[in-house]
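Novice: Letter by letter, the chains look like this.
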Amino acid sequence: MNPFKSMGIGVLYRKEFADHLRSRRFSIILFLIVVIGLSSIYSAGYGIREAVSQENNDFAFLRLFTTSGGSLPSFVSFISFLGPLIGLSLGFDIMNSERARGTLGRLLAQPIYRDTVINGKFLAGVGILSLMIISLGLGVGGLGIIMIGIPPTFEEIMRILIFIILTVIYISLWFAVSLLFSLLFRQAATSALAGIALWLFLSIFVGLLAGLIADGLYPVDDQSTFEVAFENQKVKQYLNRISPSKLYDEAIVTILNPGVRTLGPVFTSQLEGAIPGVLPLSQSMLLIWPHIVTMIAMTMICFAISYIYFMKQEIR
Amino acid sequence: MTDKKIIIDTENLTKKYDDFTAVDKLNLKIEEGEIFGLLGPNGAGKTTTILMLLGLTEPTEGRALIDGHNSTMEPIAVKRIVGYLPDNVGFYDDLTGRENLRYIAGLNSIPRTQAEKRIDLLLERVGLFHVGDKKVGTYSRGMRQRLGIADMLIKDPKVVILDEPTLGLDPEGIEEMLQLITELSKKDGRTVLISSHLLYQVQRICDRVGIFVKGRLLAAGPIESLGEKVFKEKTHILEVKAYPDNEDFMKLIGSINEVEKIDRQQDMFIIQSRLDIRKKLVTFMGERDFTLLHLKQRGRDLDDIYRKYFKEKEVV
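Protein chains in written order, with numbering that gives the first Met the number 0: chain A, 0 to 315; chain B, 0 to 315.
Everything labelled a hint here was simulated from the structure, so no lab data went into it.
There's no promise every hint is true.
Unchecked claim - Listed next, the in silico EDC-like pairs over lysine to aspartate or glutamate satisfying Cα-Cα at most 20 Å (straight line):
1) A:K311 <-> B:E73
2) B:K28 <-> B:D17
3) A:K311 <-> B:E30
4) B:K28 <-> B:D93
5) B:K134 <-> A:E249
6) B:K185 <-> B:E30
7) A:K311 <-> B:D17
8) B:K116 <-> B:D206
9) B:K134 <-> A:D220
10) B:K28 <-> B:E223
11) B:K240 <-> B:D187
12) A:K311 <-> B:E259
13) A:K245 <-> A:D220
14) B:K15 <-> A:E313
15) B:K134 <-> A:D18
16) A:K233 <-> A:D248
17) B:K133 <-> A:D18
18) A:K311 <-> B:E57
19) B:K3 <-> B:D206
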């Protein structure tokens, strides 16, 4: 017998994947992000069409994702804000519903290892959201080409691919968080609420708190020295980076806007003699490498805690 | 009976939760092909025992062997030959009965065509063939329980373990369920372990029962011999009701040598004696024209035995 086949992870993966696809929840999320994605690209496209004809059209295609057209926020800020919701809604009841339905005992009585269950569920969740994000990215890109009539350059394509991968990592992180919550809380509703609370805290309140703490440590007013203002900025930025949303924002701004050369505060002296220009892809990547690693690490830590917790958990 | 192979064997199996002992040095031997009833009140540790047998919970001490495989060290080998019906068995409500079974067949690495054949046979056997393609959400409790039997048999197990299989069923459902369980042993030659607190329902179909109270196996054996175990040191107690119910009847009882004590309880006499006096009593009554209205030996049926053990345990 094929050892991998007998593990049952393939069967579990397929079943979970099919469950997601079939669920009404998935249809709702898909509808939501497709509407948001298309409308934000559409309105951004209109703005760019006018801009491109006047100015230089370097990286016009990338600007499609980052510019906000008219009253709608840009595509990336939509994804940055709503991405967590996608991850949370896919996972908040993934383990506790199995227990609530009484299927967990039956499932684990089959000749599979216990970690197969959590691995299969996690991989299926990541699979489904990758599918969602990749198709959305391609669809939106296609619409963009039609809208502005400028095909993307090779570098633009690479940058968009990295953007898609980053988005998958970002949403997987939130999926891992919700997986953990679905183990910690036996009630699906509690788990969903905890997830939403954390999401709101990290995407809205961390920024406020970071400002408060930074101002408390290094109060900035008219008389304060340059060093204090600099420290204030640094503390604020580091605290902000606790939030995955902030990390993601910084990373995609850098990757989608080659003009971004640095993410922290800069001295005027450092800018002296600098020639304004764009960064090559490899340099942009270098700038956000820590962000990527941190997001992957956060995902892994959440999954590892869930894994250990699930392995030690009593079945009833 | 003794030359039969022992298929479930526990050696000093113990499970402690902090300072609470759920299962205390359990030594259980179950022979191949028999129906063994593990009977005891709620919270006696029956489910914990079953989970340890399946390797889903780790014993604090001792070990469990199923067909020579250690449940803790080789859970996969054990789960391959053991079918388990948990109490309150759950299914995926939005899948059909057939899909639910197909999933479990997949996890057991049963080839597709073989699985389909087996699913048909099993659905037929548990009387669900006509609703096999309906969603499980529409099933009644009795149907779910029978689907649970089919689910358990998918892997063609040597040993089946059923946890409270008759709980919450109507009388007809209980009848069907017990019939199915009996067939598992008598027709298929599987070893059956049933846990239940519903003595009357389950005792009928068991070859042997074990009385399990507060984590301890108080007695095990065929129901009749369990009765004798109680009787060995205790006196016989009879309930008698007769017509006419007068002083003469009292004297008649008193005239039997073995009688030690006579009590009156409403319209009944409670007679304590050293030996079984039923035959003598009935003969005497016949000779003197008394009509026997009620005669029952106390402590002979399982309920009395059970209550007896339970009471003794309470005192300790």
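Novice: Does each hint fit the structure? Answer for all of them.
Specialist: Right, here's what the structure says about each hint:
1. A:K311 <-> B:E73: With a Cα-Cα distance of about 17 Å, the restraint between K311 (chain A) and E73 (chain B) holds, given a limit of 20 Å.
2. B:K28 <-> B:D17: Between K28 (chain B) and D17 (chain B) the Cα gap is close to 27 Å, so the pair fails against 20 Å, i.e. violated.
3. A:K311 <-> B:E30: Roughly 32 Å between the alpha carbons, so the hint for K311 (chain A) and E30 (chain B) is violated.
4. B:K28 <-> B:D93: 40 Å, violated
5. B:K134 <-> A:E249: 47 Å, violated
6. B:K185 <-> B:E30: Within the cut-off at roughly 14 Å; holds.
7. A:K311 <-> B:D17: 15 Å, holds
8. B:K116 <-> B:D206: 32 Å, violated
9. B:K134 <-> A:D220: Violated, because 68 Å separates the two Cα atoms, which is more than 20 Å.
10. B:K28 <-> B:E223: 18 Å, holds
11. B:K240 <-> B:D187: The given pair, whose Cα atoms are some 46 Å apart, is violated under the 20 Å limit.
12. A:K311 <-> B:E259: 59 Å, violated
13. A:K245 <-> A:D220: 26 Å, violated
14. B:K15 <-> A:E313: Between K15 (chain B) and E313 (chain A) the Cα gap is close to 13 Å, so the pair holds against 20 Å.
15. B:K134 <-> A:D18: Answer holds: K134 (chain B) to D18 (chain A) is near 14 Å, not above 20 Å.
16. A:K233 <-> A:D248: Roughly 17 Å between the alpha carbons, so the hint for K233 (chain A) and D248 (chain A) holds.
17. B:K133 <-> A:D18: This hinted pair holds, its Cα atoms lying about 17 Å apart.
18. A:K311 <-> B:E57: 10 Å, holds
19. B:K3 <-> B:D206: 14 Å, holds
When the structure is compared with the earlier hints, violations turn up for hints 2, 3, 4, 5, 8, 9, 11, 12, 13 and for no others.
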